[in-house]
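Novice: Assembling the complex is the task here: the two chains are given apart, and the hints tell you how they should meet.
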Amino acid sequence: MNKPERDRVVHRTASVEERVDAIQSVLEERGPNVAKDLEELRHLAQEQWIPQNGARVVAKAWTDPAFRERLLANGRAAIAELGLSMPRHHRHLVALENSKAVQNVICCTQCSCTAFTLIGLPPDWYKDFGYRARVVRESRTVLKEMGLDLPAEVEIRVWDTTADTRYMVLPERPPHTAGWPEEKLAAIVTRDSLIGVARL
Amino acid sequence: MDGIHDLGGRQGFGRVRHAPDARPFHEAWEVRVNSLYALAVRLGIFNMDEYRHAIERMDPRHYLAAGYYERSLTGLATLCVEKGIVTRAELERRAKGSFPLSAPSASGRTNLPARERFEPGDRVRVREDCVPGHVRMPAYLRGKTGTVLGESPAYPFPDAHAHGVESQDEPTYDVRFRSEDLWPNCADRALVHAGVFQSYLERA
Numbered sequence: 001m002n003k004p005e006r007d008r009v010v011h012r013t014a015s016v017e018e019r020v021d022a023i024q025s026v027l028e029e030r031g032p033n034v035a036k037d038l039e040e041l042r043h044l045a046q047e048q049w050i051p052q053n054g055a056r057v058v059a060k061a062w063t064d065p066a067f068r069e070r071l072l073a074n075g076r077a078a079i080a081e082l083g084l085s086m087p088r089h090h091r092h093l094v095a096l097e098n099s100k101a102v103q104n105v106i107c108c109t110q111c112s113c114t115a116f117t118l119i120g121l122p123p124d125w126y127k128d129f130g131y132r133a134r135v136v137r138e139s140r141t142v143l144k145e146m147g148l149d150l151p152a153e154v155e156i157r158v159w160d161t162t163a164d165t166r167y168m169v170l171p172e173r174p175p176h177t178a179g180w181p182e183e184k185l186a187a188i189v190t191r192d193s194l195i196g197v198a199r200l
Numbered sequence: 001m002d003g004i005h006d007l008g009g010r011q012g013f014g015r016v017r018h019a020p021d022a023r024p025f026h027e028a029w030e031v032r033v034n035s036l037y038a039l040a041v042r043l044g045i046f047n048m049d050e051y052r053h054a055i056e057r058m059d060p061r062h063y064l065a066a067g068y069y070e071r072s073l074t075g076l077a078t079l080c081v082e083k084g085i086v087t088r089a090e091l092e093r094r095a096k097g098s099f100p101l102s103a104p105s106a107s108g109r110t111n112l113p114a115r116e117r118f119e120p121g122d123r124v125r126v127r128e129d130c131v132p133g134h135v136r137m138p139a140y141l142r143g144k145t146g147t148v149l150g151e152s153p154a155y156p157f158p159d160a161h162a163h164g165v166e167s168q169d170e171p172t173y174d175v176r177f178r179s180e181d182l183w184p185n186c187a188d189r190a191l192v193h194a195g196v197f198q199s200y201l202e203r204a
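Here the protein sequences line up with chains A and B, keeping their order. Using this note's numbering, you'd call the opening residue of the first sequence number 1 and step up by one each time. Using this note's numbering, you'd call the opening residue of the second sequence number 1 and step up by one each time.
Pulled out of the complex, with its shape left as it was, chain B reads as follows (with noise of 0.2 angstroms):
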């Protein structure tokens, strides 16, 4: 889903609030929310993908306005409903008061049927694919040309992976973009890497 969450290229946002000694948690709660969703993936509710799309899924006026990790605790509650570990109602009983949760799941996908095999310096296109569901293409490489540098070991298909849906692993490749084929000159001149799957490439 061309979601909220999808922020590469965005503009509007202003400085980065950088500190060299910034931390990764500022209150006790956070350090517990970090916890239980990773006990949670532990338990096997639910898997890496499900958790990124479930926060994915949260209302974007929600999104933005939470911290990090409001957004974990959300997307960690949201399963945990959604799996059957706890009613809605339990769960505000238990809160006492109303738990915001992130909007419900549309369907996920398989693996392109025909995938093909690329080689390091190959040109490669990203589909042009709409996808309703959890998807980590990010919406600026749609439709653009890189060169392929590597390919990873396969992994579990997000797209599927994330839905329950039945997939084979497929590889990513490590492919180049040039930032100025990403935002023709609206950029700072750089090379931008991505780990892209392969159902999402096709030849240049």
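Excised from the complex, chain A in its bound form (with noise of 0.2 angstroms):
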């Protein structure tokens, strides 16, 4: 008997898209709250982890010194204070603390972890292989040319985030807000100063 006909025929790739499709079919029917927890997650993605989270941390930071200190000493237990979480295999977060003399970098080489409910999920150059590659070996040339040009006696610490520990970078409050109230010095707090790519 002849080999069945799909067999011997070089089938195009599926698109994307109709790849996502299939495998969505096939999770839609492990159960009846699938479409519901895909909504869910999909509103968590977008509208709850967002750098906002990340940069009320640092105001209250900023504000409150005794909530400083117990950021740097147990990063999870206080966010947790401002009702922020973390994933449970998440442990671990510490928190960065950038001055004059230092700047701190997160990274991720190997693929895209990041505290991603506190700085949201990471923008795309961060996930690309330029910056996953280059980062952690060229860490001054890369940080020139994305706009900080730091001066030479600035000591740069990169940090690859290779377990489940993760790490934002507390920035630098910047010294014309001095008397300023927290809701207004965490809008000036931008994701890439929570990555260590920008200061403020």
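In case anyone wonders, no lab produced these hints; they're calculated from the structure. Don't take each hint at face value.
Among chain A residues calculated to face chain B with C-beta under 7 angstroms, some are [to be verified]: (1) VAL20; (2) VAL26; (3) ALA45; (4) TRP49; (5) ARG56.
Computed from a prediction, not measured in an experiment: that's the story for all the values here. Backbone N, C-alpha and C define an ideal beta-carbon position, used for all residues, glycine too.
Specialist: Here it is in structure tokens:
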């Protein structure tokens, strides 16, 4: 008997959207709540896990020295005070404090790991090959290309997220913000400053 | 595995395509992929180490050509086939075309039998292990010496956790390396920190 026709034709590769539809239809058969769960996960990713969360943490640390101490000692417990959380498997949050003399910058050379509930899901450049390959080896050059030209005496510390410990950068408070309320301070904290590729 | 995903220190990539307002998502299907993989984790179909390793096992040519969320999709679909949720033939029938998946997994390994406890200030060396399965030691650290700054809570051991191998949770150490030790005479001067699993370390 001849081989079935389908074994002899060369199939085109399904488009990426066709592949997503296929896997989604498979998972939708796994239970009655899948559609609701997917909507909840979409909402979290697009509307709840945003850099404004990290910005609130920074503004609080700038205005409340006792909170800053607690944040540096135990990040997970400190952000919980603000009603923020991290996934269970991220067991440790390390806040990295910048100063005149030190610039911390975070990356994930192997994929895309970030404290995404605080910083937001990582922007495309963070996950792209160039940043992953270069920032550990050519940190000063990469930061300069990205618009952060640091004086030679500033020490750069690059944090490669190689485990489930998560990092966020605590940027330096700009001097012209003395006396500002927390909310106004939070509004000037950018995602780039939480990753450490910009100063404020 | 010393896979294509392990990019730290590779040369030849151009400028970072950075924009302050860069978005995490560009297309609606990317948002769906992100939710679908998170759902699969929530349903207990696979864990994060299995997911990472499934992406690492992609054909390197596909890995480099695909965008981030196509890599995520490929890892998700590979694990759904490997875990028996769906056959590849059924997936391709539904997709109306071929569905590129990742290569099969090599075997995993459990923790180092005699692990040492380190204290801040200790000098440590990353062991020169070659691991065919999942590992979270970037190759640029292999054999390199650094200084311990701190210890994390215990985590599942990725080399085992990605392969269903029994193991004990173990801490990672925050180890500080000097870039000039990692890439002598060809790196910008900096301190490079990594969270290094206890099983990857020996006393220097």
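Novice: Each of the hints needs a verdict: does it hold here or not?
Specialist: Verification of the hints:
1. VAL20: 5 angstroms, holds
2. VAL26: Since chain B brings a Cβ to about 5 angstroms from A/VAL26, closer than 7 angstroms, the hint holds.
3. ALA45: Given a least distance of 5 angstroms, the restraint on A/ALA45 holds.
4. TRP49: Interface hint status for A/TRP49: violated (9 angstroms vs cutoff 7 angstroms).
5. ARG56: 19 angstroms, violated
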